[in-house]
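Q: What follows is each chain in one-letter form.
Protein chains: 2
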Amino acid sequence: MSGRARAAGSEVLARAAWSRLAEPADVTAGALVAILGAVEALAWLTTAADGDLDHHVAALAAERSLDATTARRVRRGVDRWRPRLDGLEPARDLDALDRMGGVLVVPGDDGWPTSLDVLGAGAPFCLWVRGAPSPADVLARSVSLVGARASTGYGDRVAGELAAGLAAHGFTTVSGGAYGIDAAAHRGAVTVGGATVAFLAGGVDRLYPAGNSDLLLAMVERGGLVLSEVPPGSVPSRVRFLRRNRLIAAAGAATVVVEAAWRSGSLSTAAVAVDLLRPVGAVPGPVTSMASAGCHRLLREGRAVCVTDAEEVRELAGGLADDGAGVRAAEDARDAVHRGPLDSLDGPARQVFDALPLSGGSRPEDLVRGAGVDEGLVLSALGRLELLGLAARTPGGWVKRRA
Amino acid sequence: MSGRARAAGSEVLARAAWSRLAEPADVTAGALVAILGAVEALAWLTTAADGDLDHHVAALAAERSLDATTARRVRRGVDRWRPRLDGLEPARDLDALDRMGGVLVVPGDDGWPTSLDVLGAGAPFCLWVRGAPSPADVLARSVSLVGARASTGYGDRVAGELAAGLAAHGFTTVSGGAYGIDAAAHRGAVTVGGATVAFLAGGVDRLYPAGNSDLLLAMVERGGLVLSEVPPGSVPSRVRFLRRNRLIAAAGAATVVVEAAWRSGSLSTAAVAVDLLRPVGAVPGPVTSMASAGCHRLLREGRAVCVTDAEEVRELAGGLADDGAGVRAAEDARDAVHRGPLDSLDGPARQVFDALPLSGGSRPEDLVRGAGVDEGLVLSALGRLELLGLAARTPGGWVKRRA
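Residue numbers (my numbering), protein chains in the order written: chain U, 1 to 403; chain G, 1 to 403.
There's no promise every hint is true.
[Unchecked claim] Residues from chain G that face chain U, not an exhaustive set, calculated with beta carbons under 8 Å:
1) D79
2) L85
3) Y154
4) A210
5) S237
6) R238
7) P286
8) R303
9) T308
10) R350
11) Q351
12) D354
13) V373
14) E375
[Said to hold, decoys possible] Have a look at the derived ranges for each label pair, beta carbon to beta carbon:
15) U/P133 to G/G376: 34 to 44 Å
16) U/D275 to G/P364: 27 to 37 Å
17) U/E301 to G/T288: 21 to 31 Å
18) G/R402 to U/G170: 42 to 52 Å
19) G/S380 to U/D275: 23 to 33 Å
20) G/A62 to U/E301: 52 to 62 Å
21) U/R401 to G/T69: 28 to 38 Å
22) U/G193 to G/P357: 37 to 47 Å
If you are wondering where the hints come from, they were derived from the structure by calculation, not from laboratory data.
As the structure is a prediction and not an experimental result, all values here were calculated from the model.
Quick reminder that beta carbons are idealized off the backbone N, C-alpha and C, glycines included.
All chains, full assembly: derive it from the sequences and hints.
A: Structural data, given as C-alpha cells:
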C-alpha cells in the first residue's frame, strides 16, 4: 500500500471498495452506505456475508428501522456484492491509480463535484480521476455535449465548433470519450486550449476506445480530466455505458445532443438530464439525415430546446444569467445586419415609397390614389422619405431613390 | 357588363368595388361593411365623398351609435377610399375575371372558405378566383407551406416531398406562388396530381412572378386555384405581399415554414398563424445554413413544432385526429426497425449476456462475480438467453451466441 493510499484513511478505502463491490447506480448499496457510512457498511457486509445472513439483515433492520422492502433489497444486494468480496483490495486499486498520477475524490472533498449529488442514492461512491486534481473546479462551469458514434461530417463539425466556442467563454465540455460526436467535442475543446472531461464506462487505466487514447491522454495533460466511478481494471460493459450516461447528464449545467439516431444512447443521457431538471438542447440537422432523427424527436416532443451555436448553448446553461444584456446586444446586432432604412418604415410610409415612380415623378394626389392612404399621411411620408434619402422632389414630381 | 356579372347582384358588385377601394386588411373598411352591409356602405361612401363629409360622418355615427374613435377612423378612411371612387367599375373587373374563366366568391356563398372568417374585420371582401369553382371544397383539408424565395436545394426537395406526401392523403397545399419554397411546394403537389392553391398579392390576371406563370396555370388547370383579394389589374406591392400572408396563415389548418432566413416574410406568416391559434410547424435544417435560421428561431422561441415529414405535418394539422392508432403504429414500426432481441433484455439479463465469454465458457458462479447480479438472477437470465439463442451451454461452460 503506498503512502498516499494509507493516508487516505478508511473512509476513502471503504468507498473505493464499494465502487468495486456494487455496479454503478446500485441504489441499494448507495442507500446502505448513506445509512451506515461507507466504513460501517463495508464492515457489516463482511460480517454478514460470512455468517447467518438472515439474522444479520434482521438485526440491521431492527437497529436502523428499515422497512421490510428495504431489508429484502439489502438481503438481495448481499447476494450481488458477496462474490466480489473475495480478493477485494482497494489499496491495490489506489496504488494503481497513484502510479498513473491519478487521485481518488470522494464526497466531502474540496474536489468533489457536487453537481453529482443530485443523483441521490445512485450517486457514485467516489471518482477515479486522471488529470487535474479538482473535478469540482474543472466542472464548475460545464456543458455536456453528447451524440452518435456514427456521426456525420456535419455533426462532427458542429460538435467541434460548439466545444471551441464554449471553451472561449471558460466553459468545460463534458462527454463520454467515444468515437463520433464525443471525440469531436473533446477535440474541439483541446484544439483551442480548453478543458474537457470524459466520463469513462470502464476503469481510467483503460483509455477506451483505443483509437481515442491519444486524445484522452492529451485531455489529461492539458487541464482536462478522464474519470470513472469504477476502479482501474473494470471492463466498460454495456450496462456501465448506460449508467455512466447519468454522470454526464448530472455533471453539465446543460446537456446538448448534437446528432442522435431515432433510438440512441444519447437520448438516454438526454432523458436523464430531463429527469434531473437540467436543461437539454438539441442541434437540428437535415431532415434527410438519419443521424439527426433523434435530435428532431427531442425537439418535437418538447424535451429539448433548439440550439444552433455556442452562444445559444451558453444561454441554455444559464452561464449568461448575469449577462442578459450581452445576449440581447448580440441578437440586435444579428438583426441589424439584415436591416436597412426601408425596414424602419411603418405602413403608410412604406406604401407611399412603393407607389413612387423611379422616374417621371408623381404628384401627392397621384400617390393618395396609388398608395391608398390619405393626403395627410402622404405628405408626412414624403417628408420622412426625403430625410431618409428614399424620395426626392424633381421638376416632374416626386420620385423614388434607393438609399 | 356580362350576363354573369349582371346576375351577380348588387352585393357581389359592391364587395368587388370595396376590394378595389380599400387596401387589404383595411379594418375600418371591413368594419363599415360589417355594420352597414357592402351595398349600403358603398352608397354611403359615394354620397359622403361628394358632400359635407363631417356632416355625413356625424350622422352615421349618431344613427349607428359609433364611438368617437370609430367615427374618426371612418372619417380618415374616406380620405383613403375617395380618390379611388373615380373610374370605379366593378362590373368591368368582373367581366375581366369572367373572360379568364374565373369566378368571384363572397362570404355566404357555398364556395366561400370560412377558414378566412377568423380574420374578422380584416377578412377579404371577396376572392377573385381562377381554377376550381369552390375554394371551400379545395381548402377543406389544407396545409400552408411557406418559405424563402432564396431557398436551397435541400429546402426545395423537402418542400416538394411534403406537398406530395400531403397530396397523397388528400391534403391541399397552400402557398404564395413565389420562387423558391412556394414554387417547390406547388410543384410537388401538381407532380403527383394533387390540388394546390396560390394566394397572390396582385390581381389574378397577373401570374406573378412571370417565371412561375406556367406553374400557376398548371395549378389552375389541374383542380387547384390561384386567387386574390384584390381585383384584376392590381399591382403586387410590398404591403399587399405582407397582408396577403394573413390569408395563407388563415386558409391552412396548419402553417409550416420550410426554410426562412433570420428575418423573413415567412416568419410574418408564421406569426399570423400563431396569433390565429393555428398550429405552426418548422422544418429544421443544418445549423450552418442561413436559409434555416428562421426555422430554428421559431423552434427556439417555442412558436413552432419541429416537423420532418408529411406524416408529422398531417398530425400537426389534426387530419389524423381520427387515426391516432395509425401514428402509433407507424412509430412502433419505426422503432422495430432498430430493435433486435438484445434490446428486449432487461438489466440483469443484459448484464449476464455482457459477462458471457465468446469461447471457453463460464460457470454460473463466475457470472455472479462478473456481472454483479445474484445467482438466482444469473440462472434465470441464462435460461432466457438460451431461449433467445443468445447463450449456449458447452462442455466448458456457458458462452455467448449472437442471434
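Q: Are there hints from earlier that the structure breaks, and if so, what are their numbers?
A: 2, 4 and 8
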